[in-house]
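Those protein sequence lines, which keep their order, are chains A and B. Counting with my numbering, you get residues 3 to 499 for the letters of the first sequence. Counting with my numbering, you get residues 374 to 876 for the letters of the second sequence.
In case anyone wonders, no lab produced these hints; they're calculated from the structure. Being a predicted model, the structure only gives us computed values, none of them experimental. Note that CB positions come from ideal geometry on N, CA and C, so glycine has one too. You may find that some hints are simply not true.
As the list claims (entries may be wrong) - Under the rule of at most 30 Å between Cα atoms (straight-line distance), these lysine-lysine pairs were calculated in the BS3-like manner:
hint : chain 1 : residue 1 : chain 2 : residue 2
1    : A       : K48       : B       : K840
2    : A       : K48       : B       : K816
3    : B       : K816      : B       : K687
Said to hold, decoys possible - In silico negatives: residues of chain B with every beta carbon more than 12 Å from chain A:
hint : residue
4    : W420
5    : N445
6    : L550
7    : F553
8    : L557
9    : L575
10   : I593
11   : F600
12   : P756
13   : F783
14   : S787
15   : L812
Said to hold, decoys possible - Only part of the chain A face toward chain B is listed, based on derived beta-carbon distances under 10 Å:
hint : residue
16   : F166
17   : L195
18   : Y202
19   : Y204
20   : F207
21   : I304
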Amino acid sequence: MKEVYEMTVNSIFGESSTNIWSFQLTELYLLPIFGILLLLVIPGRKVDLIRQVALTTSLLTFVYSLFFWFTFNHLSTKFQFIESFTFSDMHITAGIDGISIFFVLLTTFLIPICILASWNSIQKYVKEYMICFLLLDVMLLAVFTILDLIMFYIFFESVLIPMFLIIGIWGSRTRKIRAAYQFFLYTLIGSLLMLVAILYIYFEFGTTDYQLLLNAYFSESQQLWLWLAFFVSFAVKVPMVPFHIWLPEAHVEAPTAGSVILAGILLKLGTYGLIRFSLPLFPIASAYYTPLVYTMSVVAVIYTSLTTLRQIDLKKIIAYSSVAHMGIVTIGLFTGNLQGIVGSVFIMLSHGLISSALFLCVGVLYDRYHTRIIKYYNGLAATMPLFAVIFVFFTLANLGFPGTSAFVGEFLTFAGALQNNTWVTFFSATGMILGAAYSLWLCNRVLFGDLAKGVYIDITRRECMVFVPLILLTLWLGIAPDPFLYTLHVSVSCLLN
Amino acid sequence: MYPEIFLTATICVLLVYGAFAPKMSTISHKRKTQSIINNNLFFNISWLVIFSLTIALFLLPAVNGSSVTIFNNLLIVDDLTTIVKGIILISSIATLFISMAYVKKESINAFEFTLLLLLAILGLFCLVSSNDLISLYLAIELQSLCLYVVAAFKRDSEHSVEAGLKYFVLGALSSGLLLFGSALIYAYTGTTNFDQLLLLNLSSNLDQAVTTSFHTGFLIGIVFLSFGLLFKLAAVPFHMWAPDVYEGSPTSVTAFFAIVPKIAILAVFTRLYFTVFYDIIYIHLQSQGSIVFLNFCAIGSMVVGAFGALKQHKIKRLLAYSAIGHMGYMLIGISTGTLEGLEALFIYIIIYIIMTIGTFSVVISLRKSKNISDLNGLNQANPLLAFSLAIILFSTAGIPPLAGFFSKLFLFFSAMSSSMYLLVIVGIFTSIVGCFYYLRLIKVAYFSQQLSLSDTRYLFKSIFVTKEISILLGIVFFWLILFIFYPSPLFVVAHKIALALCV
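Based on the provided sequences and hints, a complete structural model is requested.
Now the structure itself:
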């Protein structure tokens, strides 16, 4: 593979390009690991130093991952930056294609934001907290880049350990234990079924290498069973409606940055798994089960949107709206045409930015007033104008306002779904209206009306620094999505063939 | 047989030393109280035992694929025995460190304790090497008798005596079963030697000359023999003794029960199943579906281990149920009847031993370690200890990328490849249930209510990690985390063991 890649790159960029730009995935993994090692030797009382080191390493990782994006060959359908390791006596390859590059970027982008967001709000066990986040960074990067089923499974699962600790230790209330449990066990039950499927694949084909398996032929009955086993595990992570109970709990109890990671990246693990494994490996089964997925997704969109209207907890509202948006993503994935799939990947990215930003907004409020119950908030626009602007911006983005990233994704998804099934499109579009209802109503309740609270601090400079990149990216994705869409088009059309 | 001979000699010498040393030291330090002298003697002898175990480690023959029978075919020495003995030695050294830490906080300091453990180790050695039903029985009795005594070693505690008695009565029953099985086998075949039984059981011979009556009696013999061994392994439905004995015995003895004997009994179990009776069990019986009882034991152990542990409040009872559950997973490896299954079994047991050493080192470091709620606030009192406990428990629960996950992975894979889907599915569901109670321990250690400063200080004082324990914990901790990067040595070991049996 590497030779093929080098040949294509050489033919396009000329001989020298590979020599100058040789970035390695291993180095990308090693950067946060280096940060963890550095943190381990710093004594726990030097809190500021720990924060700075964590932020710097995560930022360096982000910058390094940007180089991958710059040198990425957008015209190639192949996996790029291919690397092979001999790992546990297995031959593992890692690589990036036009789909996973965005998830890598999203991960490396959100981790520094998380660290920055929990700068002051986390006061106990700061060192362990930062180590957990850098560990999550490595594991998520590995999940998105490794092209091997067993290794994918291992990292997919191991994300549970730091996340369990983050919810359990730094969560806000005593209910956090229940939330951590639910999060852990739900995900574990789902993914162990995937493990059985992976073992079966290994037993049948003698390999778990993704690129080799793409050429393997699965019989129809095999596909139907394997697809189901994979689907359960991904559906828990997405989460699709019958399996979504853990999500509001986990979101509400996690610290702000934990919610950001959950909504921004962990939810995307499920849909990433679907697009990476379920669709290309089991095409017949994917077509066979499309009605099931459509039904579950439509139920998710409408039911969770209606549920959102009834919530009184700020974080729960955003959590349920995440379920609704992920429902639209799964509809898009199973449309089976270019617009649908590209649109749904685009929604994943935009949702990763917007819902993270909304959780950060809630975090800003929580830091000041230490409550998340809506009825205690009123008329914040009078005292926190800057915050009000940001909150309104992201609320509009959340409901798919034209000019923001969500609009592009949802438009493409519905365009794709319309070619396939009118009713599904119709019902999921109802979700958009309901989405507008709860988002605007939320905005209304929190920002306008009489002033109820007495703390008059607008967002600080640090919080501003957290929001500005998110706003810029949301606008960029909404106004000029071309660079992203081109890359996605190539990879997705390869996937469809 | 050098290690065995050496150990026997050591036991004799140390007994004499233990009998005379107190008198000599009373003469020299008249003012010291008796308990201090006993304590010193205990530590002297423990260090000597550890030293002699280390020497025995070097006396083990090289692993070279050869197999020798000695003492009129009573005993055998091959790669299996050598490697398993090595593991027994290393794990018992770890157990002795644990028990020394235990003695520091509780005053059971009779030096006979260590010597009884040494005698049990000798019994295990003979058990691993046994090549005849008679030597098998004698060896198993030697180790059981020593363990009955040490289970009841805390004489002033009712629980301990109760545990010893229970273990003794039920153990005697199982020995009876084992002996009855051996007698039946002898009655129907006229031999007790493994090699001759093997020749008799080769499938070609079975087809020609065996009558049905021969079959039935012989089969019942095999089943009884297996029951006797499954009892020692605490597999369902022979598990009843385990929770009581684990709970009642002094923690150091529990650690020994949980860590050391299992691999020896498994070794002889696999020798019976994979060489001596292989053809009759896996070829004759599997075609008739009669190997069901082993699958039943496996499923039963997994289910009882998982669900039984849910409601426990005592740490040691919980660990007992977890041991039962793990035994169920290991039985999967036996019931596959393949080389991969055997390898997976030994990978599993080695990783399990290491994890158990870790768990018990943490448990022993807490001064009060009876109830699960005693772990409360461990994270505040000693974050490092809490973190090691968390990693060890995550690994025991089988969460990747820790070592415990891989042990389960290989077992399930071997079961998949011999199409035992039921076992795999039960295994996976019970390991989810298992996660729940391991997580409960982590939860108690980490997420409990904030303790006041004085509580923390009290707790901090009550945690006592000796130097040896901290080294042990460090090794276990890094091994579990770093296993994923360099697992091949363990694979090679497991492969050598499997080859010794299957060739």
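Verification of the hints:
1. K48(A) with K840(B): holds (28 Å)
2. K48(A) with K816(B): holds (27 Å)
3. K816(B) with K687(B): holds (15 Å)
4. W420: Holds, since 33 Å exceeds 12 Å.
5. N445: holds (42 Å)
6. L550: holds (36 Å)
7. F553: holds (40 Å)
8. L557: holds (38 Å)
9. L575: holds (30 Å)
10. I593: holds (35 Å)
11. F600: Label holds. Min Cβ-Cβ 31 Å, cutoff 12 Å.
12. P756: violated (8 Å)
13. F783: violated (10 Å)
14. S787: violated (10 Å)
15. L812: violated (6 Å)
16. F166: holds (8 Å)
17. L195: holds (7 Å)
18. Y202: At about 6 Å, which falls below the 10 Å cut-off, the nearest Cβ of chain B leaves the hint on Y202(A) intact, so it holds.
19. Y204: holds (7 Å)
20. F207: Violated: closest Cβ of chain B sits about 13 Å from F207(A), beyond 10 Å.
21. I304: The hint is violated - I304(A) has no Cβ within 10 Å of chain B, the shortest such distance being about 31 Å.
The structure fails to meet hints 12, 13, 14, 15, 20 and 21 from the earlier list, while all remaining hints are met.
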